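Undergrad: Residues per chain, in single letters:
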Amino acid sequence: MSMLRAAYLIARKDLRIEVRGGDALALMGALALATVFAFAFTLGERTMNTLAPERLIPPVLWTALAFASLVGFRQGWAHEAEHDALSGLRLAPVDRSAIYLGKLAAALVLVLVLEAILVPVSGVIFGADLIPIAGPLTLVLLLHSYGLCAAGTFLGALVNRLGRGESLAAILLLPVAVPILISAGKCTSAALAGRPLGEVRFWMVLAGCFAAVITALAVVLFEPLLEE
Amino acid sequence: MSRRVTEILAAVSLLGMFLAVWMALQYVPTALAADGEPNPVQRIFYVHVPSALTAFYAVGVLFVGSVGYLLTRRRGFDLAALAATETSLLFCSIVLITGPIWAKPEWGRAWTWEPRLNLTAVLWLLLLGMVLVRRVSAHRDEGARFASVLGILALPVVYLVYTAVERWGGLHPKPTIGRDAPSHDPRITLGFGICTLAFLLFGTLLIVLRARLAALEERIGNLAAGAATGVAP
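Going line by line, the protein sequences match chains A and B.
Our numbering numbers the first residue of the first sequence as 1 and each following residue consecutively.
Our numbering numbers the first residue of the second sequence as 229 and each following residue consecutively.
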């Protein structure tokens, strides 16, 4: 079985679990919306009326996404901890990186579904008209969500095996994902302001490089994470 | 490293640190601010920059230790990585404390959106994460593996963070020694060189001592476990 096929099967299994009664997406959505509302309340009406949406939405959106997606990053690995399912996966005659890539794909789908809800809600709350800029905004969200998921899935695997180290996921994800967060802020802001993405080409390239480097490193370093 | 070498290293770094303090406070001439006024605050530079260099040097040791451990699984590499992580965290903390002390009178504010500041803060957080990962691991070898994985991840991440934050531009002074910059008073170059050397030696000493301490802790742990089960280690 090819590695990509194995990864696809693992992702499909995880998403099937989620569809048939998982609670990851519900938890992620609730946490993300709570974060957005917490921002709206703490910023207050005056700040929200003074600042343009392209300055308000990027930090709020990406803070909410980063913290909410942590739930998704852990959930995929938590499934495998039950009944020691991970041992079964480890024994399967496929490249072990397939497990990482499968979990990454499943996490990415969850995060994209979350964004499909969260982004329009943020647009309404902070007063941005998203329809004319839907194209560039989607591109920006896809690229940066992938980078976030590539780093988060890997750290989720690590943290999930630590047992009592849950909060470490956030402590580690922030420094590792800093390039993605900076770039996401810049690019989302440009997209929301209706500026051409060519203006933020440096950041798009940087986010792409980050995604490629993290994916490659994760594939190489995944083996020692899985040992008993 | 043998006991003898460690003792010599300890003696040399002790003398070196005294020399460094004397040079930073007494020997080097007081720098002049842009308006020509004497600027004694600038002397913190002789602690700040050597600490930063030592922190980066320890990250290098951490990287080598992490790669070595994952490839060979020899305890020695892991002990070196552990010691280097904590030493780097210490010097990173010194950098983060001395920097704002200098910046407050110089820039008028202690912290700005500035590449090097943010890079150091991110590195500090990452190192703290590595220390915590070892702490919360149920088993020593598990913590060693996880910390090594993070140690290898750290280097490219730090590079990308640097690229990202540098694009923001900033106020931080760029390195001038060894570059095509207006030449310095030779006392400044010498003072900076001695300070850097003293800090690097002291950093090395801390790494060696911490690694040795960790090795002893492990040995005691093994002995205690052996005594509990009645099996000689």
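Calculated from the structure, these hints are not laboratory results.
Here the structure is a predicted model, which is why all the values come from computation and not from measurement.
Think of the CB as a built atom: it goes at the ideal place given N, C-alpha and C, for glycine as much as any other residue.
Incorrect hints may have been included.
To be verified - Simulated restraints, written as ranges between beta carbons of each label pair:
(1) A/Asp84 <-> B/Asp369: 54 to 64 Å
(2) B/Thr340 <-> A/Arg55: 16 to 26 Å
(3) A/Glu166 <-> B/Pro414: 53 to 63 Å
(4) B/Arg440 <-> A/Asp84: 32 to 42 Å
(5) A/Asp23 <-> B/Thr457: 56 to 66 Å
(6) B/Pro333 <-> A/Thr50: 46 to 56 Å
(7) A/Arg20 <-> B/Thr340: 35 to 45 Å
(8) A/Val121 <-> B/Arg440: 22 to 32 Å
Undergrad: Now, for every hint given, state plainly whether the structure supports it.
TA: Right, here's what the structure says about each hint:
no., hint, in the structure
1, A/Asp84 <-> B/Asp369: 54 to 64 Å, "violated (19 Å)"
2, B/Thr340 <-> A/Arg55: 16 to 26 Å, "holds (19 Å)"
3, A/Glu166 <-> B/Pro414: 53 to 63 Å, "holds (55 Å)"
4, B/Arg440 <-> A/Asp84: 32 to 42 Å, "holds (38 Å)"
5, A/Asp23 <-> B/Thr457: 56 to 66 Å, "violated (43 Å)"
6, B/Pro333 <-> A/Thr50: 46 to 56 Å, "violated (32 Å)"
7, A/Arg20 <-> B/Thr340: 35 to 45 Å, "violated (51 Å)"
8, A/Val121 <-> B/Arg440: 22 to 32 Å, "violated (56 Å)"
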